[in-house]
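Asker: The lines below spell out each chain.
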Amino acid sequence: MRLILEWIPLFGVGCLLLGGCTVQDANSVGGGSSNGSGGLSGTITIDGSSTVFPISQAMAEEFQKLHADVKVVVAESGTGGGFKKFMLGETEINDASRPIKQKEIDACKKAGIEYLELKIAIDGLSIIVNPKNDWCDCLTVAQLKAIWAPGSTVKNWSDVDPSWPEKEIKLYGPDTDSGTFDYFTEVICGKSGASRTDYNPSADDNVLVRGVAGDEYSLGYFGYAYYAENKDKLKIVGVSPTDDIADCVKPTAETIEAGKYVPLSRPLFLYVNKAALKKPEIAVFLNYYMEQGQALISEVGYVRLSAAVLEETQQALRGSSGASAAPSGE
Amino acid sequence: MNKPKSVFESRLAARHRQGRLFGAVCMASTWFGIGVLVVLLAGVTWQAGGWLNWSFLTHFDSRHPEQAGILAGLWGSLWLILFTTLFSVPVGVGAALYLEEYESNGWLQRLVQVNLSNLAGVPSIVYGILGLTVFVRMFGVFGSQPKVVEMSLGFIDVHIPLPFGRTVIAAALTLTLLILPVVIVAAQEALRAVPSSIRTASYALGATKWQTIRHQVLPAAAPGILTGVILAVSRAIGETAPLVMIGALTYVAFTPGDISSPTDIITNPAGLAEAPFDTFTALPIQIFNWVSRPKTEYQHVAAAGILVLLMVLLVLNGVAITLRHRYQKRIRW
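Heads up: the sequence lines are chains A and B, in that order.
Per the numbering used here, the first sequence starts with residue 4, numbered consecutively.
Per the numbering used here, the second sequence starts with residue 11, numbered consecutively.
Simulated from the structure, these hints should not be mistaken for lab results.
All residues carry an ideal CB built from backbone N, CA and C; glycine is no exception.
Wrong hints could be hidden among the right ones.
As the list claims (entries may be wrong) - So the derived label-pair ranges between C-beta atoms look like this:
(1) S39/B with P134/A: 39 to 47 angstroms
(2) H74/B with P134/A: 23 to 31 angstroms
(3) P272/B with D201/A: 50 to 58 angstroms
(4) F165/B with E189/A: 56 to 64 angstroms
(5) E189/A with E307/B: 31 to 39 angstroms
(6) Q119/B with A114/A: 30 to 38 angstroms
Let the sequences and hints guide you as you build the complete structure.
Answerer: As structure tokens, then:
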């Protein structure tokens, strides 16, 4: 203790005296590039949506097995939180579970950051009930709206359909910070953020899974990946975009990919800083993301893009990473 | 005479009953804490059963739960502990010394004291916001042109990025701010516990103020200071909110400075200079992320991570107890 106390300041001063200090631009020092042997090196920083995180993590994990000198780091501060860092140039790629908002576009423009939007996968928001629930197999969008709209008067299952039990519906859903909440309220209730407030909210989807699994008269919604991992504990409900139960579609990999599960399928995005795209390691990583890596998407519980949409994305990527005179992003 | 005596006796019995009841309540309070701890430990250990093994400690996180490991989080947290201690001890002890030995009972002391108690109660995420502005972005004075200061220490070159960005050093400084009030208050208590007769005796022998502090007061207060520091650091490494705020990463497949085992320190000394300025993840962030994964197996991985965090805490507290014991043996008054 005594020793430490005496030496810390001395050591600090010694450092400054011993070494001459030089100041340089960061880009000229640590900038990644290909080294002599043709291998890639450098760091790729990804931040953003926690929904997209499992995909980006899987891509990073596999990509680093191929290119050991490239460090791919992934954080999750939410779509909006990620954009705040993206528009300051702190990150190179932003994971997003919704398209970029107008005010974020403006902020990027102001900061001089050009970006490329890449659609990478689809998620199907799933409506979930308890397996003991044998009366409800399908809900129409209108019924969902009646249940979830702000100031909703639906209290019992019988309020939705008179033939259903006169028992209170226990509602479970993501909390208001979630991109899932934004998307669900927008397509079901008509306005992003418009939802009744007397439900059980949680930022942790596993809490929602446990809630619905433990309560016979419950109803909840969350991302498809959480249903896929808990199929034995939950029952999925089909959603009909019209008022006709016959149009009911249950979310499966096939129906989501084919675009039949509407309106609760949502695309997931990557936003890439165009300046960073000129770095070879980022271009190679994104190519991997869009080609070999695509198999990982279904592995982590999301649905792959249809071949046509994927082709579009790949072309957008090729167009941008190839030439510096690329068209401005979206 | 019979009646008053029986009143006395029945009231006496009632008073004894009160005493026993109070004792029972106190015992229940004690066992409540222990009970919660036992349930928690048993639950976590049971969940982690079989998942906490050598491969868990030596691998990075993975999308396959059975391959997921804690290596990056463990080293990230160890570096955080090291630097948080290095920063908070000199500043905290220095401030406490000034307030107790130099400026005691001054108006400054009263002002600082009130502010310290208030700062100790500020939610940790607020420190995260402060750290993001001050250390990670440095108020944006470097704009979009980050700089790197190159310093040669003779045997290794140190590259210091400015602003610090999302690095170990920025996080350690943020955690230092977070625990500084606690460290200062603990150090003050320890200094106050040193009898003033020690100081007066030292002055009587002709020692200067510096000599008195250096040779008498500090050694006598060291056990208390150490305990305070280590308890504060233990709190800091369990913090998630400020780290998430300053943008600690969730998935990294490397350790700071690429040092992932004690032998790397010898084989890769340059890594030591890089580590403070490297990006990182930490144990609580990793655990938080695992808990929210869709795959149910990750609940076991998270439990294993919690056990690792508990063990790190246990080791820290063990060090604190040993050090305190060693210093206490020297004190004789």
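Asker: Hint by hint, note whether the structure agrees.
Answerer: So, going through the hints one by one against the coordinates:
| no. | hint | verdict |
| --- | --- | --- |
| 1 | S39/B with P134/A: 39 to 47 angstroms | holds, 43 angstroms |
| 2 | H74/B with P134/A: 23 to 31 angstroms | holds, 28 angstroms |
| 3 | P272/B with D201/A: 50 to 58 angstroms | holds, 55 angstroms |
| 4 | F165/B with E189/A: 56 to 64 angstroms | holds, 59 angstroms |
| 5 | E189/A with E307/B: 31 to 39 angstroms | holds, 33 angstroms |
| 6 | Q119/B with A114/A: 30 to 38 angstroms | violated, 46 angstroms |
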